[in-house]
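**Q** What follows is each chain in one-letter form.
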Amino acid sequence: MIAILSVFVLVALLLPLLTRWMGTRVFFVAAAVPAAAAAHLAVLGPTVLSGRAMVESHAWVPQIGLSISLRLDTLSWLLALVVTVVGALVLLYCVRYFRSGEEGLGRFAAVLLAFAGAMYGLVLADDVFLLFVLWEATSILSYLLIGHYTARRASRGAALQALIVTTLGGLAMLVGLVMLSVEAGSSRLSAIVEAAPTGGFTVVAVMLVLVGALSKSAIFPFHFWLPAAMAAPTPVSAYLHAAAMVKAGIYLIARFAPGFSDLPGWHEVLLILGLATMLLGGWTALRQHDLKLVLAYGTVSQLGFLVVVVGFGSRDTALAGIALLLAHAMYKATLFLVVGIVDHRAGTRDLRKLSGLGRRSPVLAVIAALALASMVGLPPTLGFAAKEAAFGSMIEAGGAGEWMGWLALAGTAVGSVLTAAYAARFFWGAFCRKPGVEEVRPAKEHADFLISPAVLAAGGIALGLLAPVVDGWISGYAASFPPGAHPAHLALWHGWEPALAISALSLLLGAGLFALRRRVSAVQDRFALRSTASSLYSRAMSGIDRVAASTTSLTQRGSLPFYLGVILLVFSLAVTAALAFTRSWPREVRLWDYPAQLAIAAVMIVAAIAATRAGKRFQAVVLVGVTGFGMAAMFALQGAPDLALTQVLVEIVTMVAFVLVLRRLPARLGKQHGSVHKGVRLAIGIVFGVLMAVVAVVALGARTASPISLEWPDLAYELGHGRNVVNVALVDLRGWDTMGELSVLIAAATGVASLIFISSRTDMLPRVARSEARRTARARLRRASDPSNSDRGSWLLAGRTLGDRNRSILLEVVVRLIFHSMIVVSIYLLLVGHNAPGGGFAGGLVVGMALVARYLAGGRVELGAAAPVDAGKLLGIGLVLAAGTALVPLFFGADVLTSTWFELDLGVLGHLEFVTSTVFDVGVYLVVIGLVLDVLRSLGAELDRQYEEEPRRKAVTS
Amino acid sequence: MSVSLVLLVIMAVLYACGIYLMLERSMTRVLLGFLLVGNATNLLIIIVAGAAGSAPIVTDGVDAEQMTDPLPEALILTAIVITFGVSAFLLALIYRSWRLARQDVVQDDADDVAMRSGVAIRGEAGAAESDTEFGTRARAAVSSARDLEADDEDAAEVGRQEDDRYEGEEPP
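Residue numbers (the working numbering), protein chains in the order written: chain A, 5 to 962; chain B, 247 to 418.
Looking at chain B on its own, in the form it has when it is part of the complex (with noise of 0.2 Å):
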């Protein structure tokens, strides 16, 4: 079969483009490389394809050999569909980065980066405390969490700070 050229040159910039966003740690970027790359997968099959043709509606007077290959076209339309699921979840989940960190970047393994620096692996006694994930108050597992639970505290406070001041004073 053959190919053309134009498609090619396409694709591979979209998919130049996808990685270099892709490999970012900004988590906006990674999805804007993720449609990117999402794109140009599509244009990859629709190249496999082969020629283009007439489209795949059946109609009197045109050759299955005219039509296009509906096979590709089957997996494309499938594809399509499921790059919308998977950029809405990743938007979620900068949304969610946003709420709790304020910021949406990919973060850094703790435990490797650890290894990383040389924490000795620990023996058989340091093992024990630090046996459970979730003490008495669960801490969330992003490191840059914001701590909610301060904030209410802290505006809790203000509240009745607030109330105190009024105290004394006659309702308008």
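This is chain A alone, in the form it adopts within the complex (with noise of 0.2 Å):
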């Protein structure tokens, strides 16, 4: 069985991939994978019958008990044959009702088929976990197929209500079924029906179960979605409204009546509601006009009738009810599939405009009077049988001194009528002569197009001659109720009973409500419904989407000051309610490490605040900048040199890079506005400091055990081979983070220089070719060698390139002394950074110092000059050399980033000693370097020629 569910599966995800060949003659293929099915089921049969269950079952997952576990018995047996056999007449019957190359043909065969396959699972189904997967797996496919033509906002609308009603559903009915589980103690089905609990928690999950149930059945409240999904293609109709997906529900309540018929508010609940569909559905039925329509409302009709029925408890209306759903889904689906062919042959459902089809195609006619027979239940069908055997079991109960049998027997009594009504309109509708209408033109009728129908009219009539054998078949399922006093068979005769007198009025009353046809629409008019339950859903749908929109607007107004503010606000009330659980405060507070740190202090604080105060940019800048060199100062008293020296450097490129900035920007910083108010930002700023504050005093309370850093002296001495333990600690045993802030630094780079350069990212410095740069040389130290020169020289090689205004020849002089000496250093810084303060960040912070003197020495003429290679290189061969650092290890068998050293004794010069991680710190050493040039050529020299460019253009429209 779990093999047949696997070739549903996998034929349907190949049937896209044929269609393309075969066009419609696909559903041949499709059709023979359910037909083989039941013909597995038909030679499984005799062995089910007699009793025994066949069970197959995979373990799935062990630890909680889940196992993917099909149980195959009576009811499963003819619910799988509903299912396989009528799901293989349907796609035999769509392989005329489509066109070939119509849009999304594979989609649909493959999806009825997986849909088919997720049935024929369902009912076979053991493990209630399973079982809720293949019910919401069918939600989902019927949601594709009633959504087939996707263009037409009718469909989707459709599709997506019938999607919500039955997850819906399917979400309480999940809940149900774990709570039974739970009490059972099993997640079999068969166990929690056998072990049959009782008790409020029972009812509680028994209700939620059946919840689903109803919603999937289309039962009142839930039942607005089957018209509605009238918009799918009839082969669709014909197979999950009539025989599938709708008896799913069926199916459940079936399964859960043997044990849990008795539970308080079983009978109630099933009796009302369904009672109430089938005189809903009944009355509405009579009043549509288009002939699907007619049948939509005939579904929800019978359903109710079949809810009521099934649902009812004792053996004999078990027997019945299942007779019932065999009958209905026989007759349902030929109704369906007639419709589909009157639509191609007519051109139009509208039984307002359809005349005289009965004599055109008379073979169509009698088919759809053998269904319309069983549905209204003439002999010698089976849904004669079936309603005799329901009448006679509710008239039995209420003699046993059951109300509920009389309740049932005469709302179902009613809805017989109703029956008979909208049967006989569905049949004068489609193939009676009206008078005034234009008939319907002759056409061929295709034999294999009517098969289906014929097959499954026929069936009815069959089954219903054959009605002791059908029987036969249900007695397994009927036994599973304690049995009556005499227990009923299904027969076509059973003499003279009041059921049949019953079900003779009722037909009586029946014909005649058609034949007032025009008096009961007045009366219908008169009493329309103002507000249906589809009106409710659509209703709550869009107010639905209004509290959204409100709530949305609420809290997202597009500001992000405002969001900063709620996300600072959220933050600072999380953190205080943590902080009122903790235990954990420090032995002891002193006031200070040093006493120079106070005056530092009192320096910084008053930076600060007086830079939220500026009121001119270069002011803000340089109060910000007071407080990072206080801060390196702080690092330099705390016993962090490397920090120290790191942050001087940075913030000393940091206000370059403002200035460069800020000198295209107005020199004021405008009024202070903001959509948050100025008190409010100032709370959450106190309120955020002192709350960090106190986080950093408990967290430092917390720190009670001893840090791992105390081993890092020894690893980094004797594994890294360096004495500075926090380069060693860098570029070796947190490797992979400054790996990471490498790449942060590359992004930032390429942002700056994105967001600058408009065009392109290669950068247009005006370069010095190397012979022009050797001539210049040249020429300069002939000129300083002849002392009759007064010609006043440049000291740098864009010296003539600036206007006079521009130069400085003091700084000019300076930074030609000084621009080699910084090389060297920052080289030192580099190679000594191991053992020392310094290390590769130090170093090429220096040199980005040192093209920052240039630059601003002798503009971007000067600054090309300088760095003749571009950015983006420098870039990548940092980021090469550390990845390089980082995998070449692996080669030697060795983890990744492992260091290792070489050592030389060179005799007179010393020892020479050389650490792989040097070469990392060489990769973090150029990518700082190229972060720094690409600042510079971005906000300095590309600020430069845009600049310039701009008074050409002022010029030309001043």
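Treat the hints as calculated values from the structure; they're not laboratory data. Glycine included, C-beta positions come from ideal geometry on N, C-alpha and C. One thing to keep in mind: the hints can contain errors.
[To be verified] Derived coverage of chain A by chain B (criterion: at least 3 residues anywhere in the stretch with Cβ under 8 Å from a Cβ of chain B; other residues may be distant):
| no. | segment |
| --- | --- |
| 1 | 427-434 |
| 2 | 684-694 |
| 3 | 840-854 |
[Said to hold, decoys possible] Okay, the calculated bits of chain B under chain A, using three or more residues with CB under 8 Å as the criterion:
| no. | segment |
| --- | --- |
| 4 | 271-285 |
| 5 | 288-301 |
| 6 | 313-322 |
Mind assembling these two chains? They're in different frames, but the hints should get you there.
**A** Next comes the structure, spelled out in structure tokens:
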């Protein structure tokens, strides 16, 4: 059985491909699968009917007792037969219904076959979670099927409606199933029904399960999705809404009835809702003009009937109920297929416009008549036998003293009247001649189009004649109920019984209702319902949309300061809440480590507060820079020389970058304006500051264990072969952190370049060619050595290109003198960083500052001469070196980022040691240089160039 | 471990001033606030490192306990350089915003503002027209952007007028 299930899935996956070659003939392939499944079931029939249930089980999650288990007992066997046989016939019908080359054909075939497989698995499932999964799978697949005509809004809306209603029910059902499996101690359906627990918990669980079943089977108040789903193609309606999907709920009720029909509330709920549905559906069917809608409301009504009978809970009604289910599947599918054929023949389904079809297509009319006969319960159909059995069992239950029997009988009798009425309406509307309406044109009837409905209609008659055989099939299921005094049987003739009288009477009344149809429709118009369930649904959905919009507009105001303020507020609240539960405070509080810290603190505080009140941009930048330098001093006092060095260098470069941009912005900062009020901002800031202070105190108090960094000096010296613990940590112990940092820097550099350079990344720094530089240098040397030359030479390569106003001779001389020294210092810092304060960061920043100096002195020509390499290339080489240091050890069988060292004894020159993590440091060095170079040429050189272009433009327009 | 009060006070003040500035609309102030918050966070990490000790350089005679905790120092070093990268990026943003719109403020999100003013949720019919973001002329993402193309056209127009003016004259 599991194998067949997988065949369903596999073939369904292949069908879209096959459709491209085969067109509509692919449905033959699709129909073969359920046909094979039906044959397999037929073979297994004798075994199952003799009372032995077949179980197939695969362990799925053994830890929680979850397994894929399929169980074939009588009820499953019957329903699986229905699903597969009707499925095969509907798929055959599709061959003629669709045209080759129609849009979405492959998808339709695949989804329909997958749906058949899901239904097949659903009725066989023994594990409740497998049942739920397949239940939801049918919901989703029905969504795809109902919305097949994706371009039509009505299809999409109907599909969504069906999906939402059935999925909501499915979720409630899941909760109920979980509760039941916990209560019964097993997740197997058969075990749960056998255990049949009782109690308030179980009642709630079973009610939830019923919600799922009722929503799936379109019972009031969940009935409104079914008529809307008529937007689907007719084969879908014939399969899903007649034989398969809506039957899933009935199947679930039938499964649970043996164990749980005694629960308080079971009878009341099912009886009342089922009767309400039956009457409502029948009443509404009499008002419809679309043949398919007549059938849809008829289906709703019949489903109500089925729920009443199947949920009744006695042996006889169970027998009748399953027989009714079989009959309904067959005749409803036939009728839907007939409607599809009518649609194809006449081009319309409106019964006011159809006339004379009966004479043109007599075979079709006969098929429809047979199906309708089964629906209203005329002998010798299966529908008649089942209805007789249903009425008879209800009369017997009423006679035994249960008031429910009488109520059910009365309700279903009235419902049968309505059924007869709308059945007559259907037949008259589809086939009879109407005065004043144009007749249908004659057309050839295709035999293969008519096969499926013909087989199903004939089946209704055949099974009716073979009623005792059918009785034998169902008796296995009926036996799970306690037997009554006289167990009834399905038969075409029971004798002159009250049930027969009731049936006959309801038929007559129904015919009369149809005859008086004009009067009836007038009455119906007067009592038209103002709000139907479907309008409630649409109002609920639009209400949800409106609530969502207003909630969003409350919180999403679009203003970034507002969002930031909210984030900070929530953060503060959360941290305060967490702090309320802490108990760790530090042992002692000291005022300072060094008295100098007090002075530095005063300077920093004053600078920070002044920065918030600064009116000019440059002023604010300088004040923030003061705090930065204060930080460097703090680092030095705190015993972190590396940090102090790096902080100073970074602060200088940041200020330079700031100034480079600020010279193009107006001098004054605008008035302080923001969407958050000034006082609120101040309050948030102060709260945040105080909160972080408390957090720092608490965090420090929680540091009671000995830190792991006590091991680091040893690790650094023994394994990393360096004395500077921080540097060894950066390039070796925590090399991945630095790798991540390098990528951040590269991203930032690229971002800066792309924001400033409008057209391309390659810079347009004017380059001084090597030959020209050599010539200039030689010329200068000659000039310098010639004492008679009083020409004012230039100290820098770009000297002459600057205007006289922009030159500062002092700056040029100083830069000329210190540039090369700075490069040497940077290389020294790089190489010595492993054993003393320094490292790749500090070295790279020193080079950056040297480049800044040359740029400031000589403009962008000078920068181009100083750095003839593209910044992007520097960044790339740096990253490659760093990544190489990480990956190369892999080739030698060691871990990533392992470092080793080489020692060389150079005799007189000393002892040379080289640690491979220095290569990593070189990579860092190059990346930092590349970043600073990128910043300089973007925020410096490019801004100069753009600024120089603008006056030319402005001069033209002025 | 014991905590140093001076550092705590500085950190609290820096955080307060930084957050106050970050909640502004002017991007320059936001950047300044970001720098202050960055400094304050570095200070937070160094506070949690514990008491000040000697520099973490392995020398004979200095115990591991006497050195300052090197792990927070490594973290702060990374943080300092990344802060610089991010500030450079923010500066580029400020410049770009200035070039486009002649102002460096943080703009409101247009869709959110529209939702606030009660623009109804468009049905499917209305969505068809405004489906494409880029029409024949791609418009700037910033709502207050200057129209650079129009500027160019104006410039070209004036240039043509000048040429016309010089048409009849003799070149000097």
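**Q** Count the residues of the segment 427-434 of chain A whose Cβ falls closer than 8 Å to any Cβ of chain B, and tell me whether that reaches three.
**A** It is violated, with 0 qualifying residues against the three required.
**Q** If you count the residues of the segment 313-322 of chain B with a beta-carbon closer than 8 Å to a beta-carbon of chain A, do you get 3 or more?
**A** Since three or more residues must qualify, the claim that chain A covers the segment 313-322 of chain B holds, with 9 doing so at under 8 Å.
**Q** Tell me if chain B covers the segment 840-854 of chain A under the three-residue, 8 Å CB rule, please?
**A** holds (count 3)
**Q** How does the coverage statement for the segment 271-285 of chain B fare against chain A, requiring three or more residues with Cβ below 8 Å from a Cβ of that chain?
**A** Held - the segment 271-285 of chain B has 8 residues with a Cβ nearer than 8 Å to chain A, which meets the minimum of three.
**Q** Can you take a look at whether the segment 684-694 of chain A is actually covered by chain B? Rule is 3+ residues, C-beta closer than 8 Å.
**A** Our answer is that it holds, as 8 residues pass the Cβ test (under 8 Å) against chain B, meeting three.
**Q** Under 8 Å between beta-carbons, do enough residues of the segment 288-301 of chain B, three at least, approach chain A for the coverage claim to hold?
**A** holds (count 13)
Hint 1 from the list above is the single one not met by this structure.
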